[in-house]
Structures are given as structure tokens and as C-alpha cells.
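With the hints as constraints, model all of the structure from the sequences given.
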Amino acid sequence: MTFSHRCSAFALGLAISLAPMQSLRAQDLENVEIETVPVAEGIYMLVGEGGNIGVSVGADGAFLIDDQFAPLTEKIQAAVSALSQRPIRFILNTHWHFDHTGGNENFGRAGVTIVAHDNVRERMSVEQFLSAFDRTVPASPPEALPIITFNDTVTFHLNGNTIETLHVPPAHTDGDSIVHFREADVIHTGDVYFNGFYPFIDIEHGGSISGMISAADLVLEMADEDTQIIPGHGALSNRAELMAYRDMLVAVRDRTQAAIDAGMSADDFIASNPTADLDVTWGNGFLSPEQFLRIVYEDLARG
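Heads up: the sequence shown runs through residues 34 to 336, numbered per the working numbering.
Honestly, the hints are just simulated from the structure, not real lab data. Certain hints may be false.
Pairs of lysine to aspartate or glutamate residues, derived as EDC-like cross-links and limited to a Cα-Cα distance of at most 16 Å, are as follows [what the hints assert, rightly or not]:
{"#": "1", "residue 1": "Lys108", "residue 2": "Asp61"}
{"#": "2", "residue 1": "Lys108", "residue 2": "Glu63"}
{"#": "3", "residue 1": "Lys108", "residue 2": "Glu68"}
{"#": "4", "residue 1": "Lys108", "residue 2": "Glu66"}
{"#": "5", "residue 1": "Lys108", "residue 2": "Glu82"}
In C-alpha cells, the structure reads:
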């Protein structure tokens with residue numbers, strides 16, 4: 034069975050986010066609750082359905098990293114309001130996927146300034162197709178598009194923190210950003226880091242396994258043993274856990290490349306159960322081991 038025909042929790046979540054009827058999305062997300070996780074002074078992680086949201090609050094207002102799905106906007110706003118009565122001033126999108134940008138339209142209409150890498154606006158401005166999930170993503174309405182974009186870095190000076198935002202070479206997508214709260218020693222990785230399970234790599238839109246490894250290496254260079262790391266998905270993390278994730282990516286890449294070099298087909302490679310030692314730890318998330326291996330094999334087979 035091909036990757037595109039396999040069902041997974043991630044595929045289901047993405048299908049919900051891309052469903053054509055707003056009412057269906059609202060119904061599917063009706064029971065989602067937003068959990069607030071303290072990270073550092075004035076910095077929090079919001080966990081709901083979709084990518085983890087980073088929040089900075091203080092005298093300068095609220096700064097958000099990503100905004101999950103549109104039907105969750107009121108719940109997200111309520112969670113932020115419980116932390117600070119000051120308005121949300123900025124939202125930084127770490128990449129273009131709907132589980133990170135779905136709330137843009139609502140927040141944009143409310144006057145929040147949306148910021149992202151150039152490629153995020155480019156991807157959101159036109160229809161996209163995700164063949165892995167057989168889903169067409171319609172172009173976003175004007176209100177949802179980032180109105181400030183950058184090519185390499187952009188820095189915010191808010192709430193006593195220097196918030197350095199860095200575009201990394203193509204990793205999860207071609208528009209990934211890592212956000213570093215320098216004084217607070219907190220890093221939000223976006224989806225270059227899935228804590229505790231195999232990541233989805235959007236190779237159709239610029240992602241690659243080697244890019245994911247390079248992005249992990251970059252974050253590891255920025256972090257020390259005390260750094261708090263907000264992953265795109267999964268629990269609040271740290272440098273040691275990110276290192277384990279990075280080592281897993283390297284092992285899967287190297288095993289897959291060796292199979293390709295030996296002339297093994299994707300089916301034969303997967304049938305050999307090449308990640309049996311890794312699956313207990315990493316194979317219980319969004320993607321099954323087979324789904325992840327097919328992504329990596331397809332990526333590396335392109336040369």
C-alpha cells in the first residue's frame with residue numbers, strides 16, 4: 034500500500050484542517066481545550082490541536098508564534114487573555130501549514146500583524162496540493178496572509194526579550210523559522226522538531242531529511258542544558274531530548290541511503306523492518322514507521 038493511501042492521526046488532523054466547510058472544522062474541534070504550559074517568565078506554550086503555540090506577554094503586549102486552526106481562535110484568545118489583558122500585537126508563523134496558520138484570518142481581521150518568511154506568504158497566496166494526503170489547500174484570503182515578510186532574519190524587541198527569528202534552509206518546508214527568546218533562553222523550533230515521534234517532512238514543498246538534521250544541529254548549537262525548547266509538536270523539551278531526536282534522524286537517513294545505494298526498492302527496504310530498534314520510541318505518533326520511511330526514501334531517491 035502506498036504512503037498516500039495510508040491513514041494516520043496526522044492525516045486525519047490535516048484532513049480536518051483542510052475540510053471545505055467551516056462548520057465541519059468547528060464541529061471536529063468543538064471539544065478541544067487549550068492547555069497553558071509555563072515555560073519561562075512571561076513565556077508560555079499553548080497546546081490544543083495542531084502546532085504548539087508560543088506566547089510572550091508583558092508590558093508591550095502579546096506576541097504569538099503560530100495560531101493552530103480557525104475554529105480555535107476564541108479559545109486561544111481566551112487563553113492569552115488569562116495571561117495578560119494587553120492586546121495581541123504580532124503573530125509569527127513558523128511555516129505555511131494549516132495547523133500553524135489556520136487562525137491567521139481571524140487574527141488578521143482583528144488587526145494583529147502577521148509576520149513570516151517570504152516563502153510562507155508565497156505558499157499561502159496560491160493553491161497548494163499535498164499529495165501525501167491527497168488534499169488541495171486553497172489559497173488563503175488576504176486577511177490571513179503575513180503582511181510583513183523577511184528573507185533571513187527578523188528581530189523583535191518586546192517584553193524584555195530580544196526575540197530573534199531565523200529562517201533555516203529547507204527542512205520541514207522551504208519556509209521554516211526558528212524563534213529564539215535570547216534573554217529567557219527559550220527556543221521555539223516550529224516543525225523542524227517533533228518531540229517523541231517521527232516527523233512529517235513536506236518534501237513536496239521543499240523539505241528534506243538532511244535539512245531537518247541541519248536545522249536540529251543549528252538549534253543544538255543555540256541551546257545549552259538549561260534551554261527550554263518548544264517543539265512544533267509534542268511536549269515541552271530540552272537539549273538532551275532534541276539531541277536524541279537528531280540522532281534518530283541521522284540513523285534513519287543513513288540506513289535509508291545505504292538501502293538505496295544497494296539497489297533496494299522502497300517496499301523491500303520497509304519489509305526488512307529497518308527501524309525496529311527505533312519504532313518503540315518514535316513510531317507511535319503522527320506517522321507510522323512505514324509512512325516515515327517512505328517519505329525519507331522518496332526524498333533520498335531523488336538524489
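- Task: Please name the hints from earlier in the document that this structure breaks, with their numbers sorted from lowest to highest.
- Result: Per hint list: zero violations.
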